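Since the structure of chain A is provided, determine the placement of chain B on it from the hints.
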Amino acid sequence: MNRILIDLQHITKSFDGQMVLDDLNLYIRENEFLTLLGPSGCGKTTTLRILGGFETPDQGKVIFDDRDITNLPPNKRQLNTVFQKYALFTHMTIAENIAFGLKIRNKSKAYIEDKIKYALKLVNLEGFEKRSPDSLSGGQQQRIAIARAIVNEPKVLLLDEPLGALDLKLRQDMQYELIRLKNELGITFIYVTHDQEEALTMSDTIVVMNQGYIQQIGSPEKIYNEPENAFVADFIGDSNIIGATMIQDKLVEILGIRFPCVDTGFGTDRPVDAVIRPEDVILSSPDKGRMEGVVTHLIFKGVHYEMEVTANGYEWLVHSTGMFPVGTRVGLDVDPFNIQIMNKPASEDEEAVKTDE
Amino acid sequence: MNKTKYKLLGTPYFIWSAIFIVVPLGMVFYYGLTDRSGTFTLENLISVTTPEHSKALGLALLLSFAATLICLLLAYPLSMILNGMKVNQHSFIVLIFILPMWMNFLLRTMAWQTLLEKTGVINSILSFLGLPPLAIINTPYAIILGMVYNFLPFMVLPIYNSLSKIDPNVIHAARDLGAGGLQVFFKITLPLTVPGIISGITMVFIPALTTFVISNLLGGSKVLLIGNVVEQEFTQASNWHLGSGLSIVLMLFILVNMVITAVFDREGEGSVL
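Here the protein sequences line up with chains A and B, keeping their order. According to my numbering, the first sequence is numbered sequentially starting from 1. According to my numbering, the second sequence is numbered sequentially starting from 1001.
These aren't lab readings, by the way, just hints derived from the structure by calculation. Bear in mind the structure is a predicted one, so any value in this text is a computation, not a measurement. Wrong hints could be hidden among the right ones.
Unchecked claim - Which residues of chain B face chain A? A few of them, derived with a C-beta cut under 8 Å, are:
{"#": "1", "residue": "D1167"}
{"#": "2", "residue": "V1170"}
{"#": "3", "residue": "H1172"}
To be verified - Simulated pairs of lysine-lysine, DSS-like, Cα-Cα distance not exceeding 30 Å:
{"#": "4", "chain 1": "A", "residue 1": "K155", "chain 2": "B", "residue 2": "K1187"}
{"#": "5", "chain 1": "B", "residue 1": "K1165", "chain 2": "A", "residue 2": "K103"}
{"#": "6", "chain 1": "B", "residue 1": "K1187", "chain 2": "A", "residue 2": "K115"}
{"#": "7", "chain 1": "A", "residue 1": "K85", "chain 2": "B", "residue 2": "K1086"}
Glycine residues also receive a C-beta, built at the ideal position from the N, C-alpha and C atoms.
Pulled out of the complex, with its shape left as it was, chain A reads as follows (with noise of 0.2 Å):
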C-alpha cells in the first residue's frame, strides 16, 4: 500500500447555518484515483474545495504530506484543479493559458514551451498552440484545462465533474484518457462526480457522501457488491431492497420465503434489509423457482431485458438476457452470494433516495 498523502481529519462546514459536512474523516493515499461519489448537496464539491484551499473549514484541518495546510492559501498548495466548466482564461491563447502557472513560477522560456508541448500531446491536441479557447469544443477545453494544471506537476490532480458538461460518448472516451493520463503521469487524482458509472469506471477507491456524511468508502467492486447500507446500494445502480428477517447466520426470510445467503453475524430473527441486484434474479418455469410471480412491465434495454415482475407483493426489478412477455407466469430464484444483507437505515441520510437518477 501506498502511504498517505492527504488526510482529512474532523472537518466540518456549514454555509448560512446550513452544515454541509459534519465532522468528515478521509485519507488519500499516494498515487491513488479515488472519487467522492454522492447525489448534489451532498458535501462532495466542498469537500474538493477544502482540499483546493478555496473553503476554509469550520473545524478540522487538512494535513498534507504531513503538512497542516488548512489555512494555506490556493496559490501556495502544490495541488492543481480541473474546474467543471473548464475555467480557461477566453483572453489568451492556449499556450498561454498552458504557460500561467509556469510563468509565475518564472520558469525558463525553453523549459516553459518544453512543458506546452510535452502537456499538449500528453492530452492529443498537439498543434494547438495558437488557437484561442473560445474556437475549441467542450471536450477540447477540458483537455486544456487538465494540460494547464499538469504541467505544473502538482502531487494531486483535483477534479470538479470534469465531465459533467460533455454528451455521453466523449465522455466514455475522457474517462479512458483519464486513466491513461494517471498512470502515465503517476499522480494522485481526486475526482468529484454524482455519476456512479464514471466513478465505478475509473476509480481505485469510491467515497459515496449523502448529506455531509461518508456513507462508504471502499473499491468499486466491493460498492457495488456489498453495499453497506440501502443509500450506497440505491444510488450505485439498480437494486431490490427488502425488508427481511435474518432467521440465523446464513439464512435470511424473504416475503415470507427463506433463502439460503452468505451473511452471518447479524443475530437471530433481527429485521434487516436485503439488497439484491436486478441481474443476479434468476427466472426461470413458475415450478423451479423459489417464489413465484406475474411479470407485469418488459422494456428492451440493449445489451439485456429490463423487467418488473409482481411476487409475494413485491414488485422485483429484473434485468435478464431471457425474455418473458408480459403476463408470463415465472419462478424467481436468487443464489445465496447474492443477497447481501444489511442492517435497516440508523438515520435518514442512510436511507434509500428517491431519485429518478
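Okay, now just chain B, sitting in the frame of chain A:
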C-alpha cells in the same frame, strides 16, 4: 413572410430616426461645408485652428481627459466592491448610486453651483470651522468636478457589468495555478474587463468633451470650452455655418473614439446600459 411583418413594426422608429437624426445631421453637414452665400467651403472646419478655437478645443480635451481618468480611478474599485457584494446588498447600493440620475441633469449641476459659490454651503461650513475657503467655482477644477459627478455612473455600469461576467472559477483557476492577489488582478481581471473600461471611457469622454452646460454653470464665463464656442455661434453670433463646422470637427474626435471602442468592445458590453 412573418419576417416582413416584424420588420414593419420598426417603421415608427425608422421615421423617427429619419426626422430627428438623419435630417439634422444632413443640415449640420450642409451648414458646416457652406458659407453664408451657400457656396462650398472648408473655412468653417479650418477655423478650428484659430488661437481662440484651438485653445477652447484643447482645454475641452484636457478637462474631459482628466474627468475620464478620475472617473476610471473612482469607478474601478467601486465596481469591484459592488461585484464582491451579495445580490441583495449590491442592488441597494446601485439604487443609491443611480437615484441622483433620476433628477434633472441641469438641477444637479446648479446644485453644485450653490454648493461651491464663494458664499455657498461648503464655504459657509469651512469658515464656520475656521478653515480657509474653497475657491474653485469658475475654474477648470469646478468643471472637472461637475463632469466627474455627472458622468461617473456611465463609467461604473459598464465596468461593473464586465466584472460580473467573469466566472468566479476563472479567478479560482488563476489562484490555483499559483497567482497571488495582484497577479490575478493584472493578468486576469483587468484584461477581461478591458471592453467595459473602453465603453466607460467612451460614455464619459464624449459627453464631457461636448458639454457646454457644465462649463456654463460651474465655469462662469471665464472658462470657454469648445462646446461653449459652438453654442455661442448658434445662440449669440447666429453664425450657424461656423457652429456646424466646429461641430463636424468635434464629430471627428468622437468618431475616432468610437472606432477604438469598436475594436476593443467586440462583445458589446457598452450596449447593455
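Results of checking the hints against the structure:
no.: 1; hint: D1167; verdict: 6 Å, holds
no.: 2; hint: V1170; verdict: 5 Å, holds
no.: 3; hint: H1172; verdict: 6 Å, holds
no.: 4; hint: A:K155 to B:K1187; verdict: 25 Å, holds
no.: 5; hint: B:K1165 to A:K103; verdict: 26 Å, holds
no.: 6; hint: B:K1187 to A:K115; verdict: 21 Å, holds
no.: 7; hint: A:K85 to B:K1086; verdict: 22 Å, holds
The structure shown violates none of the earlier numbered hints.
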